[in-house]
Amino acid sequence: MKVVAVIPAYKESERITNTIHGVSSFVDTIIVVDDGSCDGTKEKVISLGPHIIFLEHALNRGQGAALRTGNEGALKIGAEIIVHIDADGQHDPACIPALIQPLIQGTHDIVFGSRFLGSVPIGIPKTRLLLLQCAKSFNAFFMGIPKTVTDPQSGIRAMTRFASMHIPFRQDRMAHCSEILQLVTCGSLRWKEVPVDVRYTEASVRKGQRSTDALKIVWHLLIGIFA
Amino acid sequence: MLPIQIIFISFFLAALWFTWRRKAYAWSILWILASIIILLPQSTTVIAHAVGVGRGVDVVVYASIAILFVLIFRLYIAVERLERQLTEMVKRDALKQLP
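Those protein sequence lines, which keep their order, are chains A and B.
Numbering of the first sequence is given in my numbering, commencing with residue 35 and proceeding in unit increments.
Numbering of the second sequence is given in my numbering, commencing with residue 1303 and proceeding in unit increments.
Since the hints were derived computationally from the structure, they do not count as laboratory data.
Where a beta carbon is used, it is the ideal one built from N, C-alpha and C, also for glycine.
Errors might be hidden in some of the hints.
To be verified - Here are the computed lysine-lysine pairs in the DSS-like style, where the Cα-Cα straight-line distance is at most 30 Å: (1) A:K78 <-> B:K1398; (2) A:K36 <-> B:K1398; (3) A:K36 <-> A:K110; (4) A:K45 <-> A:K181; (5) A:K181 <-> A:K250; (6) A:K250 <-> A:K226; (7) A:K181 <-> A:K160; (8) A:K45 <-> A:K78; (9) A:K78 <-> A:K110; (10) B:K1325 <-> A:K110; (11) A:K45 <-> B:K1398; (12) B:K1398 <-> A:K76.
Unchecked claim - Listed next, with one range per pair, are the computed distances between beta-carbon atoms: (13) B:A1380 <-> A:A92: 40 to 46 Å; (14) A:K36 <-> B:I1367: 53 to 59 Å; (15) A:C220 <-> B:L1388: 24 to 30 Å; (16) B:L1397 <-> A:E77: 55 to 61 Å; (17) A:D62 <-> B:A1380: 39 to 45 Å; (18) B:K1325 <-> A:A92: 38 to 44 Å; (19) B:A1380 <-> A:I138: 51 to 57 Å.
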């Protein structure tokens, strides 16, 4: 089965090369969607060779938007399984086989990587843990996402071609995580979570989401209902 | 006439002049209605009593806040739609780079 990794990247010139090298041994093709970076991410990716498919957003439109572009690109080149993975290297690419195995076996349509099944995330800040608990409650009460979902904001997931065509998520920015979870868990797709290892390095925490971004996510989810 | 009335009335007169210069006569209804409320604040008491509010000025303030809320909400949604259209364009443009 043709496995395509979609890596949305925004200002990741320092880490993208390592991420691509790590991911490449577990998938057939890699699509990097550069979300309007201006820090040389493009040059770094192109220098790796033409086998890495590079799609560039002319403007920064957010991670959700980059994933949609990546999904459509992957479908066009005939992907049968699409893997979403962050560019900053916080996800261990060795988790990919465990993510796609249920898809290959045909028992599930989409598999989410969870930081909170089994192994404890390395170096995760305490405030982040508290925030993720709040996100879980918000998801349960306002979005109807079951509390059995252990990771409300996971950036690593794998889905079949069929699933990717039946998750019409519309959020451009960080709210897409919750939106995808809602569409999947409240729909008829077969889903599951598998444990993934996450490394919180100083750089990934610094560049990653700030705690105040949680409010933005809530706001976009609320406005998104009407738009 | 109170100073506040003079300030508001001169603002509405200026507004009238600006809108008439652009031949946007329909706007006059808004400025004239506002002028009536400013010059005869008691006129709103009738409406206030009808809906159960004590003072006429209060009903104007409540109504203004409600109208502003709706307008800002609609504005946010319009911006969100524009952003989605922009994203769609950016996506189409990016997909042209597929080999």
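Original post:
Is the distance from the Cβ of A:C220 to the Cβ of B:L1388 consistent with 24 to 30 Å?
Top reply: 28 Å, holds
Subject >> 30 Å Cα cutoff - pair A:K45, B:K1398 >> reply: 22 Å, holds
**OP:** Assess, step by step, whether the Cα of A:K250 is no farther than 30 Å from the Cα of A:K226, and give holds or violated.
**Re:** Within the cut-off at roughly 27 Å; holds.
Original post:
Are the Cα positions of A:K181 and A:K160 separated by 30 Å at most?
Top reply: OK: A:K181 and A:K160 at ~21 Å, within 30 Å.
Subject >> 30 Å limit on alpha-carbon distance, applied to hinted pair A:K45 and A:K78 >> reply: Holds - the C-alpha atoms of A:K78 and A:K45 are around 11 Å apart, at most 30 Å.
Subject >> Distance restraint hint 55 to 61 Å, applied to the beta-carbon atoms of B:L1397 and A:E77 >> reply: 21 Å, violated
Original post:
Given the proposed pairing of A:K45 with A:K181, does the C-alpha separation stay at or below 30 Å?
Top reply: Violated, at about 34 Å.
Original post:
Is it true that the C-beta distance of A:D62 to B:A1380 lies inside 39 to 45 Å, as the hint says?
Top reply: 42 Å, holds
**OP:** Decide if the proposed pair is consistent with the structure: A:K36 and A:K110, CA atoms, cutoff 30 Å inclusive.
**Re:** Roughly 12 Å between the alpha carbons, so the hint for A:K36 and A:K110 holds.
Original post:
Do the alpha carbons of A:K36 and B:K1398 lie within 30 Å of each other, as the hint requires?
Top reply: With a Cα-Cα distance of about 22 Å, the restraint between A:K36 and B:K1398 holds, given a limit of 30 Å.
Original post:
Within 53 to 59 Å or not, the Cβ separation of A:K36 and B:I1367?
Top reply: 57 Å, holds
Original post:
Does the structure keep B:K1325 and A:K110 at a Cα separation of 30 Å or less?
Top reply: The hint is violated at about 53 Å.
Checked against the numbered hints listed earlier, the structure breaks hints 4, 10, 13, 16, 19; every other hint is satisfied.
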